[in-house]
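First to last, the sequence lines map onto chains A and B. Be aware that the first sequence starts at 1, since it is given in the numbering used here, and climbs by one per residue. Be aware that the second sequence starts at 1, since it is given in the numbering used here, and climbs by one per residue.
These are computed hints drawn from the structure, not numbers from a lab. There may be inaccurate statements among the hints.
[Unchecked claim] From the derived model, a few chain A residues whose C-beta atoms are all more than 12 angstroms from chain B: (1) E9; (2) P25; (3) A53; (4) R121; (5) Q177; (6) A189; (7) R297; (8) E335; (9) E339; (10) R350; (11) G365.
[Stated by the list, open to error] Selected chain A positions facing chain B (in silico; Cβ < 7 angstroms): (12) M174; (13) L290; (14) R292; (15) Q293; (16) A304; (17) T308; (18) V328; (19) L398.
Everything numeric in this text was worked out from a predicted model, so none of it was measured. Beta carbons: idealized from backbone N, C-alpha and C, even for Gly.
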Amino acid sequence: MDFSFSEREEAFRREVREFLDVSNPHRVVAAGKDAQSDDDVESAMDRLPKLLAWNQALVEKGWVGFHWPKEVGGGGGGLIEQMILKQESGKARAPMLGLSYMGLAWVGPGIIKYGTEEQKRRFIPAILEARDHWCTGYSEPGSGSDLASLRCSAVRDGDHYVISGQKTWTSLAMWSQWMILLVRTDPGAAKHLGITCLLVPMDAAGVEVRPIKAMNGETPFAEVFFNDVRVPVENRLGAEGQGWDVTKHALANERSSIAEVTAMVNHLEDLKRLAKRCRSNGRVAIQDPLVRQRLARMETMIEAMRLTGLRFLTKQLRGHEVGAETSVNKLLRAELEVEIGRLALDIEGRYGSLVKGSPGAIDNGKWQRQALTWPSYVIGGGTPNIQKNVIAERLLGLPHDA
Amino acid sequence: MDFGFSADQEQLKAQVRRFLDSECPMDRVRQVMAAKESHDRGLWSKIAELGWPALTVPESFGGLGMRWEDLVVIAEEMGRSLFPSPFLASAVAARAIALMGSEGQKSRWLPLLASGDLIATLAILEDSDDLSAAGIGLVAESDGEHVVLSGSKMFIPHAQAAGLLLVAAREHGGISLFAVPADAAGVTVTPLRLIDQSQRAARVTLAAVVVESSDRIGEPGAVWSDLAAVLDAGTVVLAAEMVGAADAALRLAAEYAKVRKQFGHPIGRFQGVKHRLAEILVDIESSRSLVYFASWAVDHQEDPRGAVSMAKAYASQALDRAGEEGIQIHGAIGFTWECDAQLYYKRGRYCRNLAGSPEYHHERLLSVQGI
Chain A
1 MDFSFSEREE AFRREVREFL DVSNPHRVVA AGKDAQSDDD VESAMDRLPK LLAWNQALVE
61 KGWVGFHWPK EVGGGGGGLI EQMILKQESG KARAPMLGLS YMGLAWVGPG IIKYGTEEQK
121 RRFIPAILEA RDHWCTGYSE PGSGSDLASL RCSAVRDGDH YVISGQKTWT SLAMWSQWMI
181 LLVRTDPGAA KHLGITCLLV PMDAAGVEVR PIKAMNGETP FAEVFFNDVR VPVENRLGAE
241 GQGWDVTKHA LANERSSIAE VTAMVNHLED LKRLAKRCRS NGRVAIQDPL VRQRLARMET
301 MIEAMRLTGL RFLTKQLRGH EVGAETSVNK LLRAELEVEI GRLALDIEGR YGSLVKGSPG
361 AIDNGKWQRQ ALTWPSYVIG GGTPNIQKNV IAERLLGLPH DA
Chain B
1 MDFGFSADQE QLKAQVRRFL DSECPMDRVR QVMAAKESHD RGLWSKIAEL GWPALTVPES
61 FGGLGMRWED LVVIAEEMGR SLFPSPFLAS AVAARAIALM GSEGQKSRWL PLLASGDLIA
121 TLAILEDSDD LSAAGIGLVA ESDGEHVVLS GSKMFIPHAQ AAGLLLVAAR EHGGISLFAV
181 PADAAGVTVT PLRLIDQSQR AARVTLAAVV VESSDRIGEP GAVWSDLAAV LDAGTVVLAA
241 EMVGAADAAL RLAAEYAKVR KQFGHPIGRF QGVKHRLAEI LVDIESSRSL VYFASWAVDH
301 QEDPRGAVSM AKAYASQALD RAGEEGIQIH GAIGFTWECD AQLYYKRGRY CRNLAGSPEY
361 HHERLLSVQG I
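With the hints as constraints, model all of the structure from the sequences given.
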C-alpha cells in the first residue's frame with residue numbers, strides 16, 4: 001500500500017490548482033464561507049457564456065475527455081492524473097469537467113470503442129467542445145429495471161432504419177441535439193441479442209418530446225415518442241444486435257466514483273457548517289449527540305466510498321477489469337444521497353420546511369432541493385434493488401431472480 | 001498511489017489461510033471454547049514455529065520487521081477462522097515495547113516475544129470501562145529504586161495466557177507504563193466468563209506489587225499519548241479480525257441460502273434473503289477499505305485517529321449485521337449450539353464495544369477535527 005504521489009503527479013496537481021485559480025467560474029463561490037446553490041450567484045443566462053468559456057479553457061488543456069485517446073481528440077491522460085484532476089476541480093467546486101454531460105459519461109466511450117472512423121470524426125469533437133448535447137434513450141414505460149425487455153423497434157428499410165415506439169425518463173431530452181437510442185431490431189432473438197444502438201438527431205421528423213415534471217418542480221426528464229422516425233444506417237453504433245454490449249460498455253466507463261465522492265465531501269463540509277449555525281431542540285445542532293452521530297456516520301461512509309474507489313482504481317492500474325463490485329459504491333451513494341437531504345432538513349428544524357424564495361429559507365432552499373432531487377441519482381442508472389441483485393448473483397453466486 | 005496487497009502480502013495471506021484451514025477448523029475452535037485452559041498451547045507452539053510472533057518485531061531484536069499493514073492481512077484471516085489465540089494481544093504489547101521501551105527493555109523482552117517463549121498483553125482498562133486516561137486509577141508509588149503498584153484492571157485480553165503484563169498506572173499526575181511479570185507477588189488473574197467463549201479476558205488485581213524502576217517503560221507520568229497510539233494500532237488489527245469474521249459469517253449464510261430449499265426454490269433466490277446478504281457484503285467491503293487504509297495510516301499519518309475510528313466503527317456495524325442476519329437466514333437451525341452462525345454473532349457482540357463502540361468512535365471522529 002502506498003498513498004503517496006510521484007513528483008510528476010504532484011506537479012500535475014499544482015498545474016491543475018493554478019488553472020483552477022484562474023479559470024474556475026465558481027471560484028467566488030468556493031472562496032465564500034457557505035456555498036449557495038449555483039443559481040444564487042448569478043442567473044442561468046449570465047452563467048452560460050462563462051460555462052462555455054470554462055469548457056473552452058479545459059479543451060485547450062486537453063482536460064475534457066481527459067482519459068480518452070489522443071487520436072480521437074481526447075487528453076490521453078492516465079488514471080491517476082484523471083483522479084487528481086477530478087479531486088481538485090471537485091474541491092474547488094468547479095463546474096463539471098466538460099459540459100456535454102451524457103456525451104462524456106457514456107456516449108463518447110461507446111463511440112470510441114464501437115464507432116466507425118466517420119462517427120468518431122463527426123461526434124467526438126462536438127462532445128469535447130460542448131457543441132452537441134446528448135440524451136440516452138434506454139428506459140421505456142414497460143422496461144425500467146428490466147431494460148432488456150425494451151420494445152421500441154427499428155425496422156430496416158433500404159439504407160435507413162424506421163423507428164417507432166416510446167422512451168421515458170429521458171434526462172436532458174429537451175436540450176439535447178442527439179440521442180443514443182436502444183431499439184429492438186430482431187423481435188425473434190433472445191431479449192439481450194435483438195437490441196441495436198442508434199444515434200438519433202433529436203430534430204428528426206417524427207421525434208416528439210414531452211417534458212415530465214418531477215417532484216422538485218423541475219423538468220429534468222421527458223417522454224420521447226418516435227413516430228416512424230427515419231435514421232440512416234450509418235447512424236448505427238456497433239453491429240446490429242450488439243446494442244446490449246455497447247450499452248454495458250458505456251455504463252461501465254467510470255468505475256472509481258471519484259467525482260461523486262468529491263461532491264459528497266463538499267456536501268458534508270456544508271452540513272457541518274449548517275449544523276454550527278442552526279439551532280434544534282433548544283441548542284446549536286452540532287451539540288446534539290444524534291446529529292453528531294449522523295454526521296460521523298456519513299463521513300465514515302463517504303471515506304469508505306473514497307477508499308473502495310481507490311481499490312478499484314488500483315485494480316485497473318494493475319490491468320484487471322472492475323465489474324460487479326462497483327455496485328458496492330453505488331449502494332453507498334444511494335444511501336448517502338437520501339441521508340444528506342434528510343439530515344440537512346432535520347438540522348434546520350422547522351426551517352427545514354421552507355423552500356427557495358420563502359422568507360426565512362436557509363441557503364435559499366439548497367437542501368430542500370437536495371431532499372426533493374435525490375431520486376434522480378438513486379433511481380437513475382439502476383435502482384438500489386437492482387444493485388443488490390447484481391451483488392447477490394455475481395459476487396455471492398446466489399440464484400438468478402426469475 | 002497503490003491500494004492493494006503486494007505480491008508478498010498475497011503470499012503471506014495464502015500461507016496463513018492454509019495453516020488455519022488445516023490446523024484450526026471450527027472443531028478446534030469449539031474445543032477451545034469448551035476448555036478451561038488459558039489458551040491452546042498446541043496452536044501457540046505451532047505458530048511460534050512458523051515465526052508468526054516475530055513478524056512485526058524489529059529485526060534488531062529477533063523479529064522479521066514487517067509492517068503493521070502486514071499484520072492486518074493476517075488478522076483478517078484469523079478473524080475468518082475465529083482463531084482462538086493471544087497472538088494479536090501479544091503483538092500489540094510487543095509494539096508498545098518496541099515504540100516506547102528503552103534499548104535495555106527491548107533487548108530483554110522483544111526476543112522472547114518474537115520467539116513465542118513469552119506472551120504479553122496490555123493491561124490498561126479498569127472497572128470504570130473508561131477508555132480515556134481519566135479512567136486509570138491504579139496507583140504507582142515510587143521510592144526511587146522500587147515502585148509499588150496497587151489497584152485493579154478489568155477486561156484484560158488474554159491475561160491468563162500472558163507471562164508479562166504491561167500495566168498502565170497513575171504517577172506524578174500522569175500515566176506511566178510498567179512491565180510486570182504475571183507471576184510477581186501480589187498479582188491475581190481472575191478469568192472472566194465471556195459471551196464469546198472462543199476469547200479470553202481477565203480481571204487483574206495488583207496488591208502492592210513491587211517492581212524495579214527500570215521496569216518503567218517510557219517517562220514517568222508521560223506516556224499516555226504514546227500508549228494511546230499503540231492502542232489505536234491494536235484497534236486496527238481488531239477491526240481487521242472483525243472484517244474477516246463478518247466475511248466468514250456472510251459466506252456461511254450465502255452457502256446455506258444456495259442449498260436450503262423452501263417453496264420449491266433455494267431461499268437465496270428470494271430478494272428478502274439475497275438483498276440482506278448483498279447489504280452485508282456492502283458493509284464488509286466498505287469496512288475492509290477503511291481497515292486497510294487505517295493500517296497504513298498508523299505508520300504514515302501524523303494523526304491517524306480519524307482513520308482508526310472510522311475503521312472500527314464501520315467494522316462493528318459490518319460484523320453486527322453479518323452475525324445477526326447470519327443467524328436469521330439459517331432459520332431455527334441458526335439458533336442451535338451446533339450451527340457455526342452463532343459463533344460469529346458472539347464474536348460480534350464481544351468485539352462491538354471492545355476498544356470503543358461505534359458511537360464512541362463516531363464522537364471521537366468529530367472531536368479530533370475540533371468539532
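Structure versus earlier hints - violations, ascending order: 1, 7, 8, 12, 13
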